[in-house]
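K.L.:
Here are the chains, one letter per residue:
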Amino acid sequence: MAFPAVAVYSFLYLYPAIQNLLYATERWDGVTKPEQVGFHNFAHLATDDDLFMKIVGNNIRFTLIVVIFQTAFSLLFATFLLKNTKTTILLRVIYFFPTILSSVSVGLIWTFLYNPNFGFINASFKAIGLDGLALNWLGDTRYSLYAIAVTQVWFHTGQMVIIYVAGLQQIPADLYEAAEVDGASRWQQFKSITWPMALPTTAVVVAYTTIQSFRAFDLVYSMTQGGPLNSSDLIVTSIYNTAFASFKYGYASAQSVVLILVVLFVTWLQRRTLRIDYGVK
Amino acid sequence: MTTKGMKSLSARRLGAVATIAFALVATSITTGFAADPSFGKACTTEGVSTGTSSTSLICSVNSAGKLTWTNVRLGQSTGSPVAALKASPGTIEFHHFRPEDKAVFASIIAKFEAANPGTHVNQVIMSSNDYTNLGYAKISVNPKAAVFVTVRGGQFDQFYNGGMMRDISSDRFVRQNVIQSALTPATVGGKIYGVPYQSLFNDPLYNTEMFAAHKWTVPTNWTQLLSFCKTVKAAGIIPFAWPAATRGNAGQIMNSFLMNSAPDVATLTSRIQAIDTGKADLTSDWFTAIANKYKAMNDAGCFPANVTGYNDTVAPADFANGKAAIYPTGTFGMSTVTNLNPAMKGKMKLMSMITVDEKPLYQGITNNTFILSVNKKATSRDQNIARAFISFLTTAAAAQEYAVGTSQHVSIINVNYSANIDLLNTSDIMGKKLLLAPRFLFNNVGTVRNPLEDALIAIGGGADVTKTLADTSKTIKQSLGA
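Which chain is which? The protein sequence lines are R and L, in order.
Numbering of the first sequence is given in the working numbering, commencing with residue 1 and proceeding in unit increments.
Numbering of the second sequence is given in the working numbering, commencing with residue 282 and proceeding in unit increments.
Just chain R, with the same shape it has in the complex (with noise of 0.2 Å):
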């Protein structure tokens, strides 16, 4: 019975898969004959390539900004959006909204929001008399990165705000009025049973949001290229500019095994963390 869904998956995931297995361990321009390289590529990523390193820690904190701030947002914004009433759904509406952009137009935006001149964030600084904080925000190497990764999570939290509000709205409304019975505070409902019942639901948001911030493209692309200076190459630029700009299709492809052995461990390190228990013995 499952043949079909097997034969679907190994033709459009696993073998795509073991493809880029190969051609990781080839040296190949895309022009000329490949040449078998065996582990070369891998040894050189780990031993002589400074800047992919540089760019491995990049991602990493891009990911712990994004994945802290967008979890915690969507799940406030998602408690107060729980209700199905009209306000509630208009108000979910309006913060799903940015999700539905396309991911080059919400990076024009906010690089023109970004603008150390005339852009809004600047000029909203200036004029409550807080100059120091007008700064070169994507044209600055300390600043950059943070700067993509916030707009980052104003692009994708209405859309973890779907999710969480279909997980909470399946927690049983009695634990509530129970723990009302007995003067539980609006803090202490949230501590006790909210948190708890939402962990599963936590999970796929910080598993889903943890992958989001990995493969992160369009926004650093069209907002910055990568740089200045590599200060905002995340790992899927780097592959991109190694394979599209340099013409080296199998040291990308080595990259890109790095980013799934990445991505593999983090997402355990998630699940440990958050000892999730879907029950399966």
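Worth flagging that the hints you see were computed from the coordinates, not collected in a lab.
Every value quoted in this text rests on a predicted model; they were computed, and no experiment measured them.
C-beta atoms are modelled at their ideal positions from N, C-alpha and C, and glycine is treated no differently.
There are no misleading hints in this set.
From the structure, some residues in chain L lie toward chain R, with a derived Cβ separation under 7 Å:
#1 N414
#2 N442
#3 G443
#4 A526
#5 N587
#6 T589
#7 G590
#8 V726
#9 G727
#10 T728
#11 D735
#12 A739
#13 T756
#14 Q759
#15 A763
Go by the hints and put chain L onto chain R.
P.N.:
Frame of chain R, contents of chain L only:
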């Protein structure tokens, strides 16, 4: 009722018109056109050009600093231009990266199709970034892509090495319709594999009206340039609207820094190749000197505040709106500027950006935006349609439509630029000693040129020269070793 005075005025006007008309007809340079009232025996407006034939006259400043007509050889053909080839019925694809040219090409294609019933050319357009990164992969497996474009240097080499380009040396339209000196970038081993079509000049544009109003003169050496920046900044105007946050256009200025950085072009080429192949470091004296000049420009206030966050959306807008004196990109930036502010039409000229104090070797940069080639892997019928299409593009009428419609010069002879004042005004650069844009001698774009330009951008934004070059040099070496 008409008064005597009014009659007299009308008569005067008539007389003046007749006199001007006679002067225009009588002058020896009216073979081109008579659209500009400054045409006459004396050349009074720098940049004015007859611009119509293979031996055009351009009004430019001579070594003595006086305006004089300079004979500029735009073409060198062994015979008269030939008509376009005839195409057999069929459909081909034309792949390029110029979405801004879509409408003009569509109009030209319509005329080509009308002249060749049953023949169709479909434009397939990618963004320049996508074309750089994915163009080869897509076109090399698509035999219907019978006409495609490449950029001089690495991309041309990639398609050539992939056996994608048909030799078109023997086609008469190549020999007789194209400015022969412009064919160099498409020539390998004496054979021609494409027609470099759009000619551009990667030199800074300056606002002539602003210069005149402030009585500024165009700096002619490095010391003057730095001093000019201080003067302009003091007037509350951005001297150079350098779009440092957009690598593609920020890198154009590097051409000017490179052009006079070596005693001759061979030395320059070998130095660039040494860096491109990892044989030399960015920390070499030669490259450090170039990087130091970026820093000097930043120190002199040449660039706007927070220049590393200043992108190519803001820069042309500042130039178009009179907030900046110079937009250091090239002729290809003119249409953006006039789209942003139509009043800028006719107020732009190109400056030679001289970054040395001694006598410069070169006065400007030229390049071809793209080279049109015939796909050798297309069927022979499609290749013939492709040749016919390219030959059609090399006819003066089509080239003129393209030039005027896109506000760009072309490498085709007998093109009349008089319908576009900005093209006319910038034609004088053709009378100067130009170097083919050396930036494109870096073949390793992703591995070498991009990080190198990022380093120069950072230095232009105030980063430490020594550390930035050392770090970038290490990155480049490691990347080349991968």
